[in-house]
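Peer 1: Single-letter residue listing:
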Amino acid sequence: MPTIAVWKFTSCDGCQLTLLDCEDELLPLTEHVHIAHFLEATSVSEPGPYDISIVEGSVTTPDETERIRWIREQSDVLVVVGACATSGGIQALRNFADVDEFRSIVYARPEHIATLGTSTAISAHVSVDHELRGCPIDKGQLLELLTALLAGRKPDLPDTSVCTDCKRRGLTCVLVAHGTPCLGPVTHAGCGALCPAVNRGCYGCFGPMNRPNVPALVPLLRRSGMGDDELHLVFRTFNADAEWT
Amino acid sequence: MTHRANRTLQVAGLARVEGEGALHVRTVGGEVDRVELNIYEPPRFFEAFLRGRNFREPPDITARICGICPVAYQMSACQAIEDACGVEVGGQLRALRRLLYCGEWISSHTLHIYLLHAPDFLGFADGIAMAGAHRAIVERGLALKKAGNQIMDVIGGRAIHPVNVRVGGFYRVPTPDELRPLAKTLHQALYDALGTLEWVAGFDFPDLEVPHDLLALRDDEGYPLDRGAPHTSTGLTFPVADFSNHVVEHQVPHSTALHARLDDRTFLVGPLARYSLNSDRLSPVAREAAAAVGLGPVCRNPFRSIVVRAVEVVYAVEEALRIIDSYERPDSPWVEVDPRAGVGHGITEAPRGLLYHRYGLDAAGRILSADIVPPTSQNQSAIEADVAQVVRSHQHLDDHALQSLCERTIRNYDPCISCSAHFLDFTREST
Amino acid sequence: MNVVLDLDGLDALVRVLRRDGRVVVGPVLRDDAITLAELSSAAGLPSGWGVETGPGHYRVRRRADAAVFGHSAGPQSWKRFLHPPRRRLLSSDSSGLHPAEDDAPNYAFLGVRPCDLAAIAKLRQIVGGRAPFVVAAQCTEPGELCFCASMGCGPAAGAGYDIALTERIDSDGHRFLATSGTDEGAEVLARVPARPASPNDLALADQDVEAATRRMGRAMPELDLRDVLTANRDSAHWETVAERCLTCGNCTMVCPTCFCVSVEDTTDLDGNAERSQRWASCFEIDFSYLHGGAVRTSGAARYRQWMTHKLGTWHDQFGTSGCVGCGRCIAWCPAGIDITEEAAALATMMELGGERP
Amino acid sequence: MTTWVPTPYEVVTRTVETHDSVTLTLRPVAESLPAFRPGQFAMLYAHGVGEVPISISAIPGDGTLVHTIRAVGAVSRTLHDAGPGTVIGVRGPFGTAWRLDDAEDLLVVAGGIGLAPLRPVLGHPAKRTVLIAGARSRQDLLYQDEIAQLSDVDVVLTVDHGDHDWHGRVGFVTEPLASIPLDPDRTTALLCGPEPMMRFCARTLLGRGLPAERIQVSLERNMQCGVGLCGHCQLGPLLLCRDGPVTGYPMAEPLLLAKEL
Ligand SMILES: Cc1cc2nc3c(=O)[nH]c(=O)nc-3n(C[C@H](O)[C@H](O)[C@H](O)COP(=O)(O)OP(=O)(O)OC[C@H]3O[C@@H](n4cnc5c(N)ncnc54)[C@H](O)[C@@H]3O)c2cc1C
Ligand code: SF4
Ligand code: SF4
Ligand code: SF4
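Protein chains in written order, with our numbering: chain A, 62 to 306; chain B, 2 to 432; chain C, 4 to 360; chain D, 744 to 1004.
Just so you know, these hints were derived from the structure itself, not from any lab. Heads up, the beta-carbon is just placed ideally off N, CA and C, and yes, glycines get one too. Mixed in with the good hints, there may be bad ones.
Within a straight-line C-alpha distance of at most 25 Å, the following computed DMTMM-like cross-link-like pairs (lysine to aspartate or glutamate) qualify [said to hold, decoys possible]: (1) D:1002 - C:237; (2) A:200 - B:140; (3) D:1002 - C:319; (4) D:1002 - C:354; (5) B:147 - A:85; (6) B:147 - A:112; (7) A:215 - A:112; (8) B:185 - A:92; (9) D:1002 - C:289; (10) D:870 - D:889; (11) A:200 - C:237.
So, partial list: chain A residues that the calculated Cβ filter (under 8 Å) puts toward chain B [stated by the list, open to error]: (12) 73; (13) 75; (14) 105.
Interface residues of chain A toward chain C, partial, derived using beta-carbon atoms under 10 Å [to be verified]: (15) 89; (16) 92; (17) 157; (18) 187; (19) 189; (20) 228; (21) 229; (22) 234; (23) 236; (24) 238; (25) 245; (26) 277; (27) 278.
With the sequences and hints as input, model every part of the structure.
Peer 2: In structure tokens:
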């Protein structure tokens, strides 16, 4: 049985929770893989090497830069999950600000807190085999990736726009029909167009698609009522450090 | 068995808790010298980067503090901003919010009961190993958890970091037809929730009575979830706006999470506090079920918190059914909220206890200051105190047994370390 | 057969079709757009709703009258039913390979506009499947983005319908001239309460449809578009489109004839496998993936592929144009890229002697 | 939807050709498919992993199918690894075949795995057959023993990177092509390999007076259905699964010249 290890870096736990949220598949899955390390779910922690490591979270401390190298060495396949692990997450907003100032706003005695000046994606430190986007990841995509790894096939994880999923679902485009600003045309597919389904514009939680054309979208966002301030903020949220352009 | 006078217990990575923490215990001369719940989860600076953001963003942004209880963050954030802008969200929109919150309670509590906490009582390393011996029981737990997630899927658009919540209400409200399948699932869930309660009530509970003050919301309209005023077991009550005058956070060197004191006393939030202050507010079925398993009106044994959680799951399922039953689709999915300069406070009962948000806005709706006090940092002192008490009264145990008892003591609180790791010292705030 | 139905007659038509075991699909108002959904009666039609469209723009609006077919193409097309966005092809397990069952219902489409009637024919030529029963609605009021006349696909309904309706509201009331196009259509009409059509009814319908032709505001250039596109293969114009193009794929997804699919393989934990297809778009980079990388990575190459196929090479492959002039790709392109304008720009370049980089 | 259902075939032999390529012989489990012609391809389905286009690389005439597969990705690797007894799903025959009817002299130029679809042609009765085959290195050259035994074919082998064991030519296939004796009036050239290779070879041949009409190339694009339904294999006016892969050079030339077509 292949061994799986689940690792947490700087994050909110939501992506690893997605695994526990596979209520119908969790127990059957454990008949096909052996969970060797998953701190949130089990007290068992076995030494490596591991066939598959799933990594959640970004690298924000000196200790984490060391730990990710060790995990890479111990793992045959390294899967990174979620906006934190794939692009630094929302905590990468510090990359645009002065961390010392951030630290002192939050903590009275900042000298006790060891953090790096940046929050970076796992791929900035080690090579990565597969990535699942999203804040948080999509359960269906997680299962697709795991079953593909077990079957030895290529996982089906399209890197196109949210629009393609939006149209397959038969949703009405909120940008065109309601004038609601939507990042769908530049955002990586995978969520199944959740936001347009509730009459909301996509806010980009899956990060940029492959080769997004953000300059072409900006005037449309403006036309639907976004001002400079909002335009600035909307790309600086959950995937602030990803390559939107 | 030797009773060593001087010993050190180290748990490097606490398992089956959300987020990353460690425990450090030292006894000197038979006396407990030091108990430190060391939260090494790296800080994420939410309050710092909320400054300068738009007042419509906190529900989405603060949800990302915690993947286990995002709805709690969304609810407290909305409430605080609506308070700042002088808007109150009521009627069916409020009911839908409560319904969404019920979903999170069911899911989060069930996760803790079945996968994180029960294995402690039955001697398994985890829920999966437990499923080897009790497959049907674990499957029941997963089905119950799924019912909670389905509520969040339907109302919130997804279970983790819901997309449908906005300041003022929702982006889209469901039709009664869309809620009907949920009701069907919840009828089964009620049955499973009662089964869960009976199951956990039969566990063996170590003796421990905690003396801490209890702090929870209390509300005329029912068991507290999405609103109410803070009450304490000492009879004190205060308006939400006074929260930070009573609950004061301070930094401790061993932790990236801030500690808090209630009027300079160690206190406790969460299921035990909520139940002990509100057991009279439970729905009939939940109240009877609690009585049937021998839970009195007050419970001060943290090991029994698993029973209280099970009662709360019964309540949340019933409450969800009640809301669905009387649901009428509101005309508009949200109430208009216009920005104005001011400060707003929001407080709700996250599954783990009180979650307080406070925002200062300027007239254009820009956030000038943000302050978030999550339940786990409020409970940290209580957790450390409990561990100390457990160590004191179990000196006869060997290191291994004592250590695992300490871990269990921590797990009683379902601590969410992700939540607790990134908060602001209120006194340092500049507004 | 030519008869005239009133609204009750239209409702009776829906009932008759349903009674025959068909799933009746027609336009409905949903989420501020006119989309397609199953109808249980004619009351579900978007009575009194029209639309206002422009490049990258679509709004429903109240009409002055109660017309039920007074709107141009919406965000969805009949493709959704004839060539669903996702469809299982086959499953494979230890006992062998099993074709997926064809579970498509027996459809009756109500209110098919002439452009879409042509699109249904083009699509079925490629993807096949059971023929739907078609109740067309002739066009008397083209939308701002329609150019079916220049594609030879409207506003009069061409071949392929079972029944064609022409809606008219005037001092004589709200009624529909119904013309059967097939025996089956005539047989259905015979079971619906109606009065025989007078020569005047027919003349008015012709006149309304004729007027629609004249009011069509858009047209494709009157050149052989195959030549235009071949001559412009290396044109710098593609770059100027690519600057505006989001490569989001909306145009291909809303187009009633775009048929491309990708095949997905899925497996479950017990080793059972399934193959299915889903709508694909030539704007997806992986669409042209070959071992080692995709062939068409630039936005310019992907837009060129789409437009060249639609208007040019479709002729080579299927003997007809891939475009029917419904205007959907113009409305639902968030960036409002207008295929007729781009074609006109390329045509001008060719007439100027072709443009070479 | 039966067009999508493969016919089960069983691997009977597996011959290792190079470090990453094997030749599989497949025998129908029950029903068999119509006969393939040289140049045509099949869609091979590996259970649960996927389906890919693979040319026919020999036609023994006994109802078996012969394919040479280079492992480059998940599906091709699974096929490559399939041992005797493995059941594989097959659909086909698809696409166009090499046109040999009026060929007097045959010039066969192959790069890498491109030799696989040309192998069946080597047995074709022609007045004169020349084979020019190139590969990255000696280890990548397919069918070396078989080629050594070809008696009535002039063979030129060349590799991009030579080593001390290699005594043949080093360089691209265009070099021998420029110099071999060739009668432009009676030669038919068949080219298969990477697109740039085919372009350079065709240009060399045109330069030597061979008319474009007597040059044929085999073109590849992403293929997912094999029957003109998925749209992926478009190259200009062609749906390559139907109008290709074998294409006359007059048609192919402008398509190969356009960037990112
Ligand atoms: C007409 C034709 C004949 C071929 N004949 C042979 C042959 O005889 N022997 C051989 O080894 N290879 C042949 N190939 C190439 C072979 O199909 C690819 O190597 C194979 O598709 C790679 O798939 P994969 O899943 O292993 O790799 P990946 O690179 O992971 O491919 C993933 C998907 O991309 C597509 N794809 C990738 N590369 C190609 C490609 N070159 N052509 C078409 N689609 C591709 C397929 O849809 C495939 O499923 C032929 C290709 C075509 C078009
Ligand atoms: S709503 Fe957004 S995601 Fe959907 S089609 Fe429109 S722009 Fe794309
Ligand atoms: S639509 Fe966009 S913001 Fe919404 S869930 Fe999907 S990727 Fe995230
Ligand atoms: S190309 Fe555009 S106008 Fe033509 S049929 Fe498709 S969507 Fe309609």
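Peer 1: Quick one: which hint numbers does this structure break? Sort them smallest to largest.
Peer 2: 6, 8, 11, 17, 18 and 19
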